[in-house]
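Chemist: Read top to bottom, the protein sequences are chains F and V.
According to numbering that gives the first Met the number 0, the first sequence is numbered sequentially starting from 0.
According to numbering that gives the first Met the number 0, the second sequence is numbered sequentially starting from 0.
The hints are simulated quantities; they were obtained by calculation from the structure and are not laboratory data.
Glycine residues also receive a C-beta, built at the ideal position from the N, C-alpha and C atoms.
Watch out, some of these pointers could steer you wrong.
What follows is a list of derived Cβ distance ranges for each label pair [what the hints assert, rightly or not]: (1) Thr144/V / Pro283/F: 16 to 22 Å; (2) Gln62/V / Arg77/F: 40 to 46 Å; (3) Glu291/F / Ser51/V: 38 to 44 Å; (4) Ala284/F / Lys138/V: 29 to 35 Å; (5) Arg140/V / Glu291/F: 21 to 27 Å; (6) Met26/V / Asn116/F: 50 to 56 Å; (7) Glu57/V / Tyr277/F: 45 to 51 Å; (8) Ser142/V / Gly275/F: 34 to 40 Å; (9) Trp273/F / Asp134/V: 36 to 42 Å; (10) Glu291/F / Pro64/V: 33 to 39 Å; (11) Thr84/V / Pro283/F: 38 to 44 Å; (12) Gly275/F / Glu152/V: 24 to 30 Å.
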Amino acid sequence: MLGIFFLFALESATPQILDTLSDIGAEIGKQTGALTPGQAESIKKAGKAVNKTFESITPEQEYYIGRTVGAVIVNKYRPVNNDAANHYLNVLGQTLAQFSDRPETFGGYHFLIIDSNEINAFSAPGGLIFISRGMLNCCKNEDALAAVLAHEIGHVQHQHGLQAIKKSRLNSAFTILAAESAKQFGGQDLKDLTTAFEGSISDITSTMMNSGYARSCEKEADKSAVEIMKRAGYDPNGLTAMLMEMKKNLKPDGFDFAKTHPSPDSRISDITQWIGPYQPVAAPAGRQTRFERDLKLN
Amino acid sequence: MKIKVLFGPVIIIGFAAAVWAADSSKMMSVQVKTTPLRDTPSFVGKAGATLSYGDRVETLGTQGPWTKVNASGGLSGWVHTSALTSQRIVLKSGQETAQTRASSDELALAGKGFNSDVESEYKKQHRNIDFTPIDRMEKIRISSTEIQSFLKEGGVSPREGGAQ
Chain F
0 MLGIFFLFAL ESATPQILDT LSDIGAEIGK QTGALTPGQA ESIKKAGKAV NKTFESITPE
60 QEYYIGRTVG AVIVNKYRPV NNDAANHYLN VLGQTLAQFS DRPETFGGYH FLIIDSNEIN
120 AFSAPGGLIF ISRGMLNCCK NEDALAAVLA HEIGHVQHQH GLQAIKKSRL NSAFTILAAE
180 SAKQFGGQDL KDLTTAFEGS ISDITSTMMN SGYARSCEKE ADKSAVEIMK RAGYDPNGLT
240 AMLMEMKKNL KPDGFDFAKT HPSPDSRISD ITQWIGPYQP VAAPAGRQTR FERDLKLN
Chain V
0 MKIKVLFGPV IIIGFAAAVW AADSSKMMSV QVKTTPLRDT PSFVGKAGAT LSYGDRVETL
60 GTQGPWTKVN ASGGLSGWVH TSALTSQRIV LKSGQETAQT RASSDELALA GKGFNSDVES
120 EYKKQHRNID FTPIDRMEKI RISSTEIQSF LKEGGVSPRE GGAQ
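Isolated chain F, as found in the complex (with noise of 0.2 Å):
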């Protein structure tokens, strides 16, 4: 009964006092004899565990996750299998990436088109990126294309897509590594966690795909975006270039970009602060003509 008492009180107390909260009343638990030393310890364990955020998730976790986040992605959305294309994509991506603030992930930076006129992009956790048909139409040149990878190389460093998980799915998660730390995993706890983890990629793909991340994470994706451009050598304006003939694609009543992102118009009055006033992108003939040659599709 106390136990219980003590995991209410966790689930209701700041940050701050839970670990303490939790490590008294499990104290007093086994003075008083209500609590086996096993559960005292327990119930400290989950105090712990109801502490930790998106940021306990270790780069192996964050790894798997992402896998099959992507797994589901591609499962909506067909992958094109264009191997140039795919492989041109990959050196623009991996390249970008490295000029990112985190260029290390625990499985590296993969990147994919996938089979959409919509136009789309998601980036899955850890590094994982995917890419429209329907977005590559909005790219006339390298740069508007190492635009779009930047922004979601930009989600994947801020692990945006692991902030979309619920804390309450966390918590659970949490626990039971927590009170199974030590040993294999088997039977109900792998169940249980597998169910919070179901939870986790239902929890981020929804973000992705319905509702979007909040505005200020698309801001933070953005201003990345601008960095690592200007960091690899490419031309910043190639993002507004690409929100400018977004605007032209975008049906107000798409189930893309219209709805999962702030309109093209704010973004470009955001990036101008940044960059100043648009200027054309002027790439040299040998970039635009691998960029045609690379990315055609049909």
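For this one, chain F is given, so just place chain V on it according to the hints.
Modeler: Chain V only, in chain F's frame:
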């Protein structure tokens, strides 16, 4: 005068802290699947030995986002700091440290939590979700040499010190 009295100790403490930071070395772990040891603090630096997940390294200092490390076997070189964690990563459960310090914030158990077992369980429950495209895309790895050629061919000139 008062300002001098107040700032004097602050400057001394700040200087002492800077000296300590420069001199101190600490142990860190590789937190990504693999990462190369490079001979210079840059992605264009020649890559030598490959460090693997959980490998312990002694840090010797930093330059921007790069950390100079000593690794086992007398190896040394530069690793991007985003590949490192101050946590000790225990690869196999059942080890003494894992049993006694598993809940410690200084320790991470590799393969615990959302892992390949959980992915397998998820696959059993969602047989319609095909992971083949994901496995395929993960195999695409671009070498440093190809990236350098790509930048050159496209006339892309990274900002000095731009590669993080």
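Chemist: Each hint needs a verdict: does it hold in this structure or not?
Modeler: Results for each hint:
no.	hint	result
1	Thr144/V / Pro283/F: 16 to 22 Å	holds, 21 Å
2	Gln62/V / Arg77/F: 40 to 46 Å	holds, 45 Å
3	Glu291/F / Ser51/V: 38 to 44 Å	holds, 40 Å
4	Ala284/F / Lys138/V: 29 to 35 Å	holds, 32 Å
5	Arg140/V / Glu291/F: 21 to 27 Å	holds, 25 Å
6	Met26/V / Asn116/F: 50 to 56 Å	holds, 52 Å
7	Glu57/V / Tyr277/F: 45 to 51 Å	holds, 49 Å
8	Ser142/V / Gly275/F: 34 to 40 Å	holds, 36 Å
9	Trp273/F / Asp134/V: 36 to 42 Å	holds, 38 Å
10	Glu291/F / Pro64/V: 33 to 39 Å	holds, 34 Å
11	Thr84/V / Pro283/F: 38 to 44 Å	holds, 40 Å
12	Gly275/F / Glu152/V: 24 to 30 Å	holds, 29 Å
The structure shown violates none of the earlier numbered hints.
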